[in-house]
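Chemist: If you want the building blocks of each chain, they are given just below.
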Amino acid sequence: QKEVEQNSGPLSVPEGAIASLNCTYSDRVSQSFFWYRQYSGKSPELIMSIYSNGDKEDGRFTAQLNKASQYVSLLIRDSQPSDSATYLCAVRWGSARQLTFGSGTQLTVLP
Amino acid sequence: EADIYQTPRYLVIGTGKKITLECSQTMGHDKMYWYQQDPGMELHLIHYSYGVNSTEKGDLSSESTVSRIRTEHFPLTLESARPSHTSQYLCASALRQSYEQYFGPGTRLTVT
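For the protein sequence lines, the chains are E and Z, in the order given. Using this note's numbering, read the first sequence as starting at 1 and increasing by one per residue. Using this note's numbering, read the second sequence as starting at 1 and increasing by one per residue.
Hint data in this document are derived by calculation from the structure and do not stem from the laboratory. Wrong hints could be hidden among the right ones.
[As the list claims (entries may be wrong)] Below, simulated EDC-like cross-link-like pairs (lysine to aspartate or glutamate); rule was C-alpha separation at most 16 Å, straight line: (1) E/K67 / E/E3; (2) E/K42 / Z/E63; (3) Z/K18 / Z/E72; (4) E/K42 / Z/D59; (5) Z/K17 / Z/E63; (6) E/K42 / E/D83.
[Stated by the list, open to error] Here are some chain Z residues pointing at chain E (derived, C-beta under 8 Å): (7) Y5; (8) G14; (9) Y48; (10) G58; (11) E79; (12) P105.
Beta carbons are placed, not taken as given, at the ideal position from N, Cα and C, and that holds for glycine.
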């Protein structure tokens, strides 16, 4: 059973700090990785995708992928209270036709 | 911004009723998906489609059915609603060559 694991949290950081969210996955044959943000009672929205080892930056968000260690991280710089949400990691295994989602990490940014 | 729509947004219905949840997208995406999510829990894929007349069941066993007669439309039907069907249903879509999925606003279903 391929799995995607995230610490459920809650993770609390002060406003302005860097929030670090981690995701590990169980199989090396993975192709694509995605981070989604989900506000309470709302649907997930795509933050960014990453496909190769290293860092990918988009505004205040940086995704970091390390396939050898089987983890992908999301860093949020200058965290704002509006970043308070659940962050979902999703993985596409090999040639799979669908994504497998983790259960999410709840982030609270304290003003 | 993703243009994907779901109706109704909220539905309360009695046991045994037939219901259809609507999902439409105006982006020309070939791939469409239905997920079920209980509050604070994981997303579970129940159905997906890679194009017209193509539908597949997902990982979560479901008593629902889907159809894909038009590219933009992917309705989900429950023939006989039960309280165990109470959940949030999320529709998503993606381009043919991509796995970046864009979600609709969801339908929150309550079966009494």
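Chemist: Does each hint hold? Answer for all of them.
Modeler: Hints, one by one, checked against the model:
no., hint, result
1, E/K67 / E/E3, "holds (15 Å)"
2, E/K42 / Z/E63, "violated (24 Å)"
3, Z/K18 / Z/E72, "violated (23 Å)"
4, E/K42 / Z/D59, "violated (23 Å)"
5, Z/K17 / Z/E63, "holds (13 Å)"
6, E/K42 / E/D83, "holds (14 Å)"
7, Y5, "violated (12 Å)"
8, G14, "violated (24 Å)"
9, Y48, "holds (6 Å)"
10, G58, "holds (7 Å)"
11, E79, "violated (24 Å)"
12, P105, "holds (6 Å)"
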